[in-house]
Amino acid sequence: MNERIIGKIKRVNGPVLIVKGIKDARMMELVHIGEQRLVGEVVKLHDGEATVQVYEDATGLRPEDNVYGSGMSLSVEVGPGLIGQIYDGIQRPLEELMGLSGAFIARGLSFDAISHLKRWEFTPTVKQGASVSKGMILGTVQETNQIEHRIMVPLTIEEGIVTEIVTEGSYTVVEPIAKITLPGGRTVDVPMAQRWPIRVPRPTRERLPLDRPLITGLRVIDTLFPLAKGGTVAIPGGFGTGKTMTQHSIAQWCDADIIVYIGCGERGNEMTDVLREFPQLIDPRTGNSLMDRTILIANTSNMPVSAREASIYTGVALAEYYRDQGYHVAIMADSTSRWAEALRELSGRMEEMPAEEGFPAYLPTRIAQFYERAGYMKTLNDREGSVSIIGAVSPPGGDFSEPVTQHTRRFVRCFWGLDRGLASSRHYPAISWLDSYSEYLDDVRHWW
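Numbering (numbering that gives the first Met the number 0), first residue to last: 0 to 447.
FYI, nobody ran anything at the bench for these hints, they're computed from the structure. Take every hint as true, because none was put in to throw you off.
Dumping the calculated DSBU-like pairs for lysine-lysine here, alpha-carbon to alpha-carbon at most 30 Å: (1) K19 with K43; (2) K9 with K43; (3) K126 with K377; (4) K377 with K133; (5) K126 with K178; (6) K117 with K133; (7) K19 with K7.
What follows is a set of in silico ranges between Cβ atoms, one per label pair, in the way DEER data are often shown: (8) T364 with R444: 31 to 41 Å; (9) G70 with L223: 47 to 57 Å; (10) T364 with L44: 17 to 27 Å; (11) H445 with D381: 20 to 30 Å; (12) H445 with G107: 53 to 63 Å; (13) L44 with H445: 49 to 59 Å; (14) D188 with E356: 45 to 55 Å; (15) E351 with R3: 26 to 36 Å; (16) R25 with E158: 21 to 31 Å; (17) P153 with G184: 16 to 26 Å.
Every residue, glycine too, gets a C-beta built ideally from N, C-alpha and C.
With these hints in hand, go ahead and build the complete structure from the sequences.
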């Protein structure tokens, strides 16, 4: 990473900074702030000044502290070793951070998202001299008992010739496993670990019809309100109606190949339940632990608000990476309301004009950008994969007329409304057959 000073802090307003004297900065650039090198992102450029949102506690930052540009966007590191990991909202591995700073995460810590020391058994699937293009598979690694990790040509390489490919053996994720010569004659080393910006959808060859159901294991859903693979669904419900437990059940029993569970702004004890239960539960399809197909992103309510906003995109970027390998991925986002509240707080700090209930005017756009990254796709390597998004919504007081629920209804084709009356009578899952609907019913009918 090529760091350079791009400006100095002018004003600190919670997790939002105004940086003056800006030179050579870019929108959405990853920056590091102050002596502790806190992680931040440029979200606005105007008249020689930049607005930066900080993804860590900004206490102690002061005017005239340096801001360092990295020259890259906020990105996820992808490669073998993601499955079974527990990350925070900006893909820092929490278990490794605990080893560095104990139970409470210190500021300014950074750690490799996937181990750069662990060796993986790599098996090449292309030969020297082969013509390749972006997204094509170079080789495989057995990541877990059930997940074969397919190493792909980076999406930044349009096409080229494989001039070198390693033999079958044990390699780290940062060692080059291939050399690809581009049409201009330049040669590029390709390691197993790659990076991708979290806010940019990964390209695919084409969208396919959503005509196969995602079997959730809950009969009321699969029978009355089915969800298609690559589909989107909202689970709105008031406090105590069972949103989180419904998502836990789907994560445990659905027939997706990989689960990405995003704990976005919810209580820490709910993530603790996941961490306690999932390693002990057995996947009925494979007989292995559920953690062998799960990635957890824990950005709970006591973590920085701005990282809550990033955690949703981090989860989708990881899901799209496995989709491109030909897997069916299900995302559990709990809760998109907390994500919207983070947008509201950051928007207020940036002094933007508020819309309904104080949410920013671009809230519908952000919700649409999130849900539209779902889909059943033909990938660049001609495999089929899907990302299904199951988003919980927490309307205050169970009021479905509030903005987040209403905007979400516009962009999802399936709606599993939870009813407090059913929950109070211990009828779980408390899915209201009067409020709920699914537009996938006709699409998946022929499958049955």
